[in-house]
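Letter by letter, the chains look like this.
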Amino acid sequence: MRVTELARQTRVSPHAIRFYARSGLLKPDKNRSNGYKMFGQNDVQRLRFIRMAQCLGYTLSEIAELLARLEEGDNPCERMERILRQRLEETAGKLESLQRTRVAMERALACLEKGDWHVADVEGLCAHFQAVVASG
Amino acid sequence: MNVVGVVRKTGATADTVRYYARIGLLQPRRDPRNRYKTFTEADVTRLRFILRARQLGFSLRDIGEILQRSDLGGTPCPLVREIIRRRLDEQARELDAILILRERMRMALAKWQEMPDRLPDGKEISALIASVDT
Chain C
643 MRVTELARQT RVSPHAIRFY ARSGLLKPDK NRSNGYKMFG QNDVQRLRFI
693 RMAQCLGYTL SEIAELLARL EEGDNPCERM ERILRQRLEE TAGKLESLQR
743 TRVAMERALA CLEKGDWHVA DVEGLCAHFQ AVVASG
Chain G
21 MNVVGVVRKT GATADTVRYY ARIGLLQPRR DPRNRYKTFT EADVTRLRFI
71 LRARQLGFSL RDIGEILQRS DLGGTPCPLV REIIRRRLDE QARELDAILI
121 LRERMRMALA KWQEMPDRLP DGKEISALIA SVDT
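Keeping their order, the protein sequence lines are chains C and G.
Each residue of the first sequence is one higher than the one before, counting from 643 in my numbering.
Each residue of the second sequence is one higher than the one before, counting from 21 in my numbering.
None of the hints are false.
To spell it out: a stretch of chain G is covered by chain C in this simulated footprint if at least three of its residues, at any positions, have a beta carbon under 8 angstroms from a beta carbon of chain C; those stretches are:
#, stretch
1, 69-79
2, 87-99
3, 121-131
Far from chain G, some chain C residues (derived; all Cβ distances over 10 angstroms):
#, residue
4, Arg644
5, Val645
6, Thr646
7, Ala649
8, Arg653
9, Phe661
10, Pro670
11, Asp671
12, Lys672
13, Arg674
14, Gly677
15, Tyr678
16, Met680
17, Ser777
Treat the hints as calculated values from the structure; they're not laboratory data.
Think of the CB as a built atom: it goes at the ideal place given N, C-alpha and C, for glycine as much as any other residue.
Between the sequences and the hints, there should be enough to build the whole structure, so can you do that?
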């Protein structure tokens, strides 16, 4: 089938499909007479997997690796799980730093709203910033 | 002073100093004799502010806006307040997105725990799809 038909079946945009093909995640055949990309039923499956894996936070290069393993008859499940566990750990760190920034910003905002900061320039601002970061 | 002097005074890396100069947050003069960038104490003060503001979560664009306002004279406080409100909104959205993703990842892992053999026969991709379809 052609790109448009694959797009219709999977509800993935033709633009995205072409991008995945260009990145090697999908491997359509070329129709010799007109040069169009021709996709098979297997690509429908691959595309579903790509989208779901992206939803779970896998990067495209990780997805390519998983699909390659599968193609070589290698069970990719263990690798999939390891990546996800690592990603969860990274997420914990990200949440923590976001939380820290948030607390400092909220403190700064409270001071600004009370009109506590009498500063004429960025040097004065800098001292107050330092104080809210330090008290965190 | 040159870049090295600024590095010594602020603890920023030379790359950072050059980058901020390139994007206009710092505005060193060129030494007419050797074309090297020459920084003043005012640049050091600016850089200290930039580093501190980055630590607090301001973007470089936010910082550029604050510096520009401050260069025009007058207190930058109202602008800073406005930017912080904007940032807090954005962060709340970012936080929500991360929490949703985390929940999805946890559900997938929990599901995988219950199905030790996820690719039973012939290593079918459809089985793999079922395993991530949370």
